[in-house]
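Undergrad: What follows is the residue order along each chain.
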Amino acid sequence: VEVDQSTNQVSPPANYDYLDDATKAKVGQKIADLRTRIAHALTEGDRIDSDLARAIVEASGTPAPTKTPTSLGDLLGVPSNGPLPPAPLSEQRRRAIEYADRWAGNSSDPHRANSDYENFGDGGGDCTNFASQVMRAGGFKDVGDGIDDWRRGDAVGTSPMPANGALDPLAPSRAGLIPGDLIYYRDTASGTINHTAVYVGQQIQGGRLVDIVDQHANGDNNFRNDWMPDNPGFTGGSASVEFVHVTYPGE
Amino acid sequence: MRMPVIKHTRTTVAIALALILIGLGASALWYLYATEDVDPYPMKEYTAEMQDKAAKGIVAGLNTHNPDNVELTRNHSGDPDREADNARITENIAAVLPPPSCQYVLVNVDDQGEQDPATVPWFSGPTQARGFDMKLQQLCPGQQPTPRTIRVIAIPSGMGGYWAEAALEERRS
Chain A
42 VEVDQSTNQV
52 SPPANYDYLD
62 DATKAKVGQK
72 IADLRTRIAH
82 ALTEGDRIDS
92 DLARAIVEAS
102 GTPAPTKTPT
112 SLGDLLGVPS
122 NGPLPPAPLS
132 EQRRRAIEYA
142 DRWAGNSSDP
152 HRANSDYENF
162 GDGGGDCTNF
172 ASQVMRAGGF
182 KDVGDGIDDW
192 RRGDAVGTSP
202 MPANGALDPL
212 APSRAGLIPG
222 DLIYYRDTAS
232 GTINHTAVYV
242 GQQIQGGRLV
252 DIVDQHANGD
262 NNFRNDWMPD
272 NPGFTGGSAS
282 VEFVHVTYPG
292 E
Chain B
738 MRMPVIKHTR
748 TTVAIALALI
758 LIGLGASALW
768 YLYATEDVDP
778 YPMKEYTAEM
788 QDKAAKGIVA
798 GLNTHNPDNV
808 ELTRNHSGDP
818 DREADNARIT
828 ENIAAVLPPP
838 SCQYVLVNVD
848 DQGEQDPATV
858 PWFSGPTQAR
868 GFDMKLQQLC
878 PGQQPTPRTI
888 RVIAIPSGMG
898 GYWAEAALEE
908 RRS
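Chains A and B are the protein sequences, given in the same order.
Mapping to the working numbering: the first sequence position 112 is 153, numbers consecutive.
Mapping to the working numbering: the second sequence position 128 is 865, numbers consecutive.
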């Protein structure tokens, strides 16, 4: 049974016509059950949003929203139909993003890398090296030369990584990341951090708004790529992400 | 009587020093050159389990007859060639979709080892590729099952040394 996460529509499996009558009956029952549960979950979600809105108004003393919030995003002011308004970024953060955009690669040179630094290749060895360069461009001083000499940042949110179609394209910004922050990816098999990318903002891709990253990965997916990995090494199983806020010098 | 002994000792020390210097030099040369080709971040194994999982996902996607549902890696970057790359990937998938009203059933997966990375021309310069064959039965209403083989080509995902399935290729026997 297929569930479209964007429309909440439930549909029979692709091989439905090949099933025997008894199995078809079971599938029909399953679909009916799922539709009931989805409708219940949506109603419950609306109730929670409404309760939250009331609680925030009471706690903060701010006036009630001019329209009834239909989602937590509405309530917290996260836009759903356009890029985030340009937030004032510190000069150091702006420099970091400028470096990330410059050295993440581009269509004529997808594997672009700053020759001032060693490049550990596109197999997956250069991601944290690149993130370190970005932070250095943003004014951070080196901690040391050892493999354990690194900064961690402050995790502001985590998210499990289900199958790619179920990921929220705006999860990083909803978690509170601002351009220049980092995303740590824990892999499917071991759940350990095995990839790092630099969050650089939002962009309309394929008609929808997505949060984007600069990174050193597969060359074609390095520059302003959507934040969601589409290889199974980072979805399902023990996979998850950490959204990490870094405080640049002077902030 | 003493002079020859001193001379002998000096010769021994000189030879020992020379051997130590040669040893140090050889060690330095080994460190500089012999370790140069060691990749500190090698690709991970592309195990039978990974290939089997990928094959099941790809076959499920193919059976929807919609290339967008097939789990191959896409270009999601902000580069202007994104749309052109993705159009070629869609074209690659469409070429191996089951005929309308037909379905694939996965029979088994057969590792095919290293492949020519040039078979994935829409990705820029992968230096290595791996592949496996999906042995399928094509089921169409009112017809005998037909065997089909589709090869899956995987390239480095660039994330943690994992492989990413990137192209499909019909194999005719």
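Just so you know, these hints were derived from the structure itself, not from any lab.
It is possible that part of the hints are untrue.
Said to hold, decoys possible - In the DSBU-like style, the derived pairs of lysine-lysine whose C-alpha atoms are separated by at most 30 Å in a straight line are:
(1) B:Lys-872 - B:Lys-781
(2) A:Lys-182 - B:Lys-872
(3) B:Lys-781 - A:Lys-71
(4) B:Lys-793 - B:Lys-872
(5) B:Lys-781 - B:Lys-793
(6) B:Lys-872 - A:Lys-65
(7) A:Lys-67 - B:Lys-781
(8) B:Lys-790 - A:Lys-71
(9) A:Lys-65 - B:Lys-781
(10) A:Lys-65 - B:Lys-790
(11) B:Lys-872 - B:Lys-790
Stated by the list, open to error - Just a few of them, taken from the derived set where beta-carbon distance is under 10 Å, the chain B residues facing chain A:
(12) Pro-779
(13) Lys-790
(14) Asp-822
(15) Asn-823
(16) Ala-824
(17) Trp-859
(18) Gln-865
Ideal placement from N, C-alpha and C gives every residue a C-beta, glycine not left out.
Undergrad: Give a verdict on every hint.
TA: Hints, one by one, checked against the model:
{"no.": "1", "hint": "B:Lys-872 - B:Lys-781", "verdict": "holds (24 Å)"}
{"no.": "2", "hint": "A:Lys-182 - B:Lys-872", "verdict": "violated (54 Å)"}
{"no.": "3", "hint": "B:Lys-781 - A:Lys-71", "verdict": "violated (39 Å)"}
{"no.": "4", "hint": "B:Lys-793 - B:Lys-872", "verdict": "holds (11 Å)"}
{"no.": "5", "hint": "B:Lys-781 - B:Lys-793", "verdict": "holds (21 Å)"}
{"no.": "6", "hint": "B:Lys-872 - A:Lys-65", "verdict": "holds (27 Å)"}
{"no.": "7", "hint": "A:Lys-67 - B:Lys-781", "verdict": "violated (41 Å)"}
{"no.": "8", "hint": "B:Lys-790 - A:Lys-71", "verdict": "holds (25 Å)"}
{"no.": "9", "hint": "A:Lys-65 - B:Lys-781", "verdict": "violated (41 Å)"}
{"no.": "10", "hint": "A:Lys-65 - B:Lys-790", "verdict": "holds (26 Å)"}
{"no.": "11", "hint": "B:Lys-872 - B:Lys-790", "verdict": "holds (14 Å)"}
{"no.": "12", "hint": "Pro-779", "verdict": "holds (7 Å)"}
{"no.": "13", "hint": "Lys-790", "verdict": "holds (6 Å)"}
{"no.": "14", "hint": "Asp-822", "verdict": "holds (7 Å)"}
{"no.": "15", "hint": "Asn-823", "verdict": "holds (8 Å)"}
{"no.": "16", "hint": "Ala-824", "verdict": "violated (12 Å)"}
{"no.": "17", "hint": "Trp-859", "verdict": "holds (8 Å)"}
{"no.": "18", "hint": "Gln-865", "verdict": "holds (8 Å)"}
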